[in-house]
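Participant: As a plain string of letters, each chain reads:
2 protein chains.
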Amino acid sequence: MGKNKNVTFNDIAEYTHFSKTTISRYFNNPDSLTLENQQIIADALEKLGYKENKVARILANGKTEFIGVIVPDLYHHYYSEILDQILATYETYGYKFLVFIGNEHEETERRYIEELMAYKIEGLIILSHTIPSKELADLNIPVVTIEREDEFVSSVNTDNYAGGHDAAILLADHGCDVLLHINSNSCKGTPSYGRVQGFTDVCRDKGLYHEVFLRNLGVDYTATYPALVSIMDEIENKYPGHRKGIFASNDNVANIILNILVRKYGTLPDSYQIIGFDNSPISREAVFPITTIAQKIDVLANEAVSILVAEMNERKKRRPVLSQQPVHKTIPPVLICRETTEGHNCFIENKRSH
Amino acid sequence: MGKNKNVTFNDIAEYTHFSKTTISRYFNNPDSLTLENQQIIADALEKLGYKENKVARILANGKTEFIGVIVPDLYHHYYSEILDQILATYETYGYKFLVFIGNEHEETERRYIEELMAYKIEGLIILSHTIPSKELADLNIPVVTIEREDEFVSSVNTDNYAGGHDAAILLADHGCDVLLHINSNSCKGTPSYGRVQGFTDVCRDKGLYHEVFLRNLGVDYTATYPALVSIMDEIENKYPGHRKGIFASNDNVANIILNILVRKYGTLPDSYQIIGFDNSPISREAVFPITTIAQKIDVLANEAVSILVAEMNERKKRRPVLSQQPVHKTIPPVLICRETTEGHNCFIENKRSH
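Chains L and Z, in that order, give the protein sequences.
Per the working numbering, residue 1 is the first one in the first sequence, and the count goes up by one each step.
Per the working numbering, residue 1001 is the first one in the second sequence, and the count goes up by one each step.
There's no promise every hint is true.
Pairs of lysine-lysine residues, derived as DSS-like cross-links and limited to a Cα-Cα distance of at most 30 Å, are as follows [said to hold, decoys possible]:
hint, chain 1, residue 1, chain 2, residue 2
1, L, Lys120, Z, Lys1063
2, Z, Lys1329, Z, Lys1188
3, Z, Lys1296, L, Lys20
4, L, Lys316, Z, Lys1051
5, Z, Lys1020, L, Lys47
6, L, Lys63, Z, Lys1063
7, L, Lys63, Z, Lys1020
8, L, Lys51, Z, Lys1238
9, L, Lys317, L, Lys120
10, Z, Lys1188, L, Lys20
11, Z, Lys1296, Z, Lys1264
12, L, Lys63, L, Lys51
13, Z, Lys1317, Z, Lys1264
14, Z, Lys1020, L, Lys120
15, L, Lys47, L, Lys120
16, L, Lys20, L, Lys120
17, Z, Lys1329, L, Lys20
18, Z, Lys1188, L, Lys63
19, L, Lys296, L, Lys134
20, Z, Lys1188, L, Lys316
21, Z, Lys1020, Z, Lys1134
22, L, Lys47, Z, Lys1051
Please keep in mind that the hints were generated in silico from the structure rather than gathered at the bench.
Keep in mind the model is a prediction, meaning the values are calculated, not measured.
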């Protein structure tokens, strides 16, 4: 038999002298055959060099074992790391992932979802922000979102509020008398706005002097840098002689603030403490490693897939009980102390194992 | 008809009074029907709310439109960016990507390839380094590799030799009298060893004083930092008073060298010039933006998919002419000048559009 020729059910039937129906049963309902006959067919498959065709099996049992994933981009480490962790769950659950990058174009993402539905995906994980959760719920397959609007579908989110709260407490504990938060003015209505709220609430509760800068920070490094130069000028002029604690909306912002100060003073002056958010590589690789609030990306990814698998399994039952309410999980972040804050009253950094 | 019930060929046949064979022809060979009959069936599909089932179509024409991708990890920006660009080719060619992260485990990657073959992928893109190209060629489907051993399969690689060459020339032009290259001692036998060769050859040809440090640089930031502290001590002791030009194996190494110097001197001293490799985000976001040799990741990704699509299309012909020789493409890198080298004799940086 030629190397390129696929072994068909016909070939197997001919070789074993069973009917094609029996061969088909072997693949789709093996328990309907005796163990002896199962063995005969198994031996024949090996002899003939049969290659499993999952596509054919899908048609038989209707289950593709495909999960669709839509990510906004892979340029930001947050997204590439979470995709990495999602793909790694193949080892646990065996689901395969069809991945699309949406670049936050609503119509493009709608087309991708249509394509995914045509491939009979069993579930969908959405990290992009464009399509309302109501519309996702109407797809009528299990959907889990991560860190985005999630009213009508199941979701996993970081406890951003706790992150903002912890950042303010740490800065105050480290003797900062002016607490500053810098964030994008477009963060309202997203889960990450919790960072602003957590920070503000604890400052108000404890009577800490604070100011929140919600500004247009641009979309990339080239745009963010000058925006932060101007904010830092403002801060330097407004609060001379104070010990300033800055909580930045993310590690990229924290790194630029650090670079502005180091380029000006040749070091990070004692009058500044800085905390970022995300624990992205830049926080570790900055000229002075940056204290940060880490999202537990492995937990976010694993919880998302685990919620999805539970919903997909339920639908495979003969009488599925589809839950009325979406499941929402919140994952607490972890404070990681490095050189931009002093003192030792926070968790010890866990080294990334790879 | 209930919302969840799939519309079958039977339903369409009943509704239109055509035979199931006619309906099947509509999907697989529409030109065999009159335009009028095509219209009747199209109208019926809309009335009945028929949803396209690509899985069923695959069985009819044998083409899955799947490409398998195996990436070592998504932690390194190089891999996530190249995956980003590969996935984006969906817009051009319509192929869908089944993605696996291999983490450089040979046996795991072999299992992934088996799984991909069971899903009848039409082609395979490999970025991981574990499985020999001979074995990949024996899969008997089109395979393209990117920046790895590629003797028996088609490939796309950066012209690393030209990168090493250009780095040495730039450092010499900028008045460095000692040219240093720092790289991992494990780079031999990989395409990236071309960086060492290009650097060394031009230094020899032009009689430039140079030294190459091939050392164990560890696998992550925590291990690389102390390794580089010790190399920099050695350099400082050995070459005082010289203008030292350092060509680092990649931007992460360049950034650590820069951080070591800035933490020691409060700035990047005039006695040092630094060039990295890759144009990864850290090169732009470093305390002094780092001059780097950029791999054209978009070109690498697009060339890889385009070679693969050509080979896949050839196999769809009635009488495919399978080429005897794998195709190897080499993409020249681009020098991007920033603040760690002085002068203006290199290309102007192009801003990333997103």
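Participant: Each hint needs a verdict: does it hold in this structure or not?
Facilitator: Now the hints, each set against the structure:
{"no.": "1", "hint": "L:Lys120 x Z:Lys1063", "result": "holds, 16 Å"}
{"no.": "2", "hint": "Z:Lys1329 x Z:Lys1188", "result": "holds, 20 Å"}
{"no.": "3", "hint": "Z:Lys1296 x L:Lys20", "result": "violated, 53 Å"}
{"no.": "4", "hint": "L:Lys316 x Z:Lys1051", "result": "holds, 20 Å"}
{"no.": "5", "hint": "Z:Lys1020 x L:Lys47", "result": "violated, 37 Å"}
{"no.": "6", "hint": "L:Lys63 x Z:Lys1063", "result": "holds, 19 Å"}
{"no.": "7", "hint": "L:Lys63 x Z:Lys1020", "result": "holds, 24 Å"}
{"no.": "8", "hint": "L:Lys51 x Z:Lys1238", "result": "violated, 62 Å"}
{"no.": "9", "hint": "L:Lys317 x L:Lys120", "result": "holds, 18 Å"}
{"no.": "10", "hint": "Z:Lys1188 x L:Lys20", "result": "violated, 54 Å"}
{"no.": "11", "hint": "Z:Lys1296 x Z:Lys1264", "result": "violated, 34 Å"}
{"no.": "12", "hint": "L:Lys63 x L:Lys51", "result": "holds, 19 Å"}
{"no.": "13", "hint": "Z:Lys1317 x Z:Lys1264", "result": "violated, 65 Å"}
{"no.": "14", "hint": "Z:Lys1020 x L:Lys120", "result": "holds, 22 Å"}
{"no.": "15", "hint": "L:Lys47 x L:Lys120", "result": "violated, 33 Å"}
{"no.": "16", "hint": "L:Lys20 x L:Lys120", "result": "holds, 27 Å"}
{"no.": "17", "hint": "Z:Lys1329 x L:Lys20", "result": "violated, 47 Å"}
{"no.": "18", "hint": "Z:Lys1188 x L:Lys63", "result": "violated, 46 Å"}
{"no.": "19", "hint": "L:Lys296 x L:Lys134", "result": "holds, 27 Å"}
{"no.": "20", "hint": "Z:Lys1188 x L:Lys316", "result": "violated, 51 Å"}
{"no.": "21", "hint": "Z:Lys1020 x Z:Lys1134", "result": "violated, 46 Å"}
{"no.": "22", "hint": "L:Lys47 x Z:Lys1051", "result": "violated, 40 Å"}
Against the hints set out earlier in the document, violations occur for numbers 3, 5, 8, 10, 11, 13, 15, 17, 18, 20, 21 and 22.
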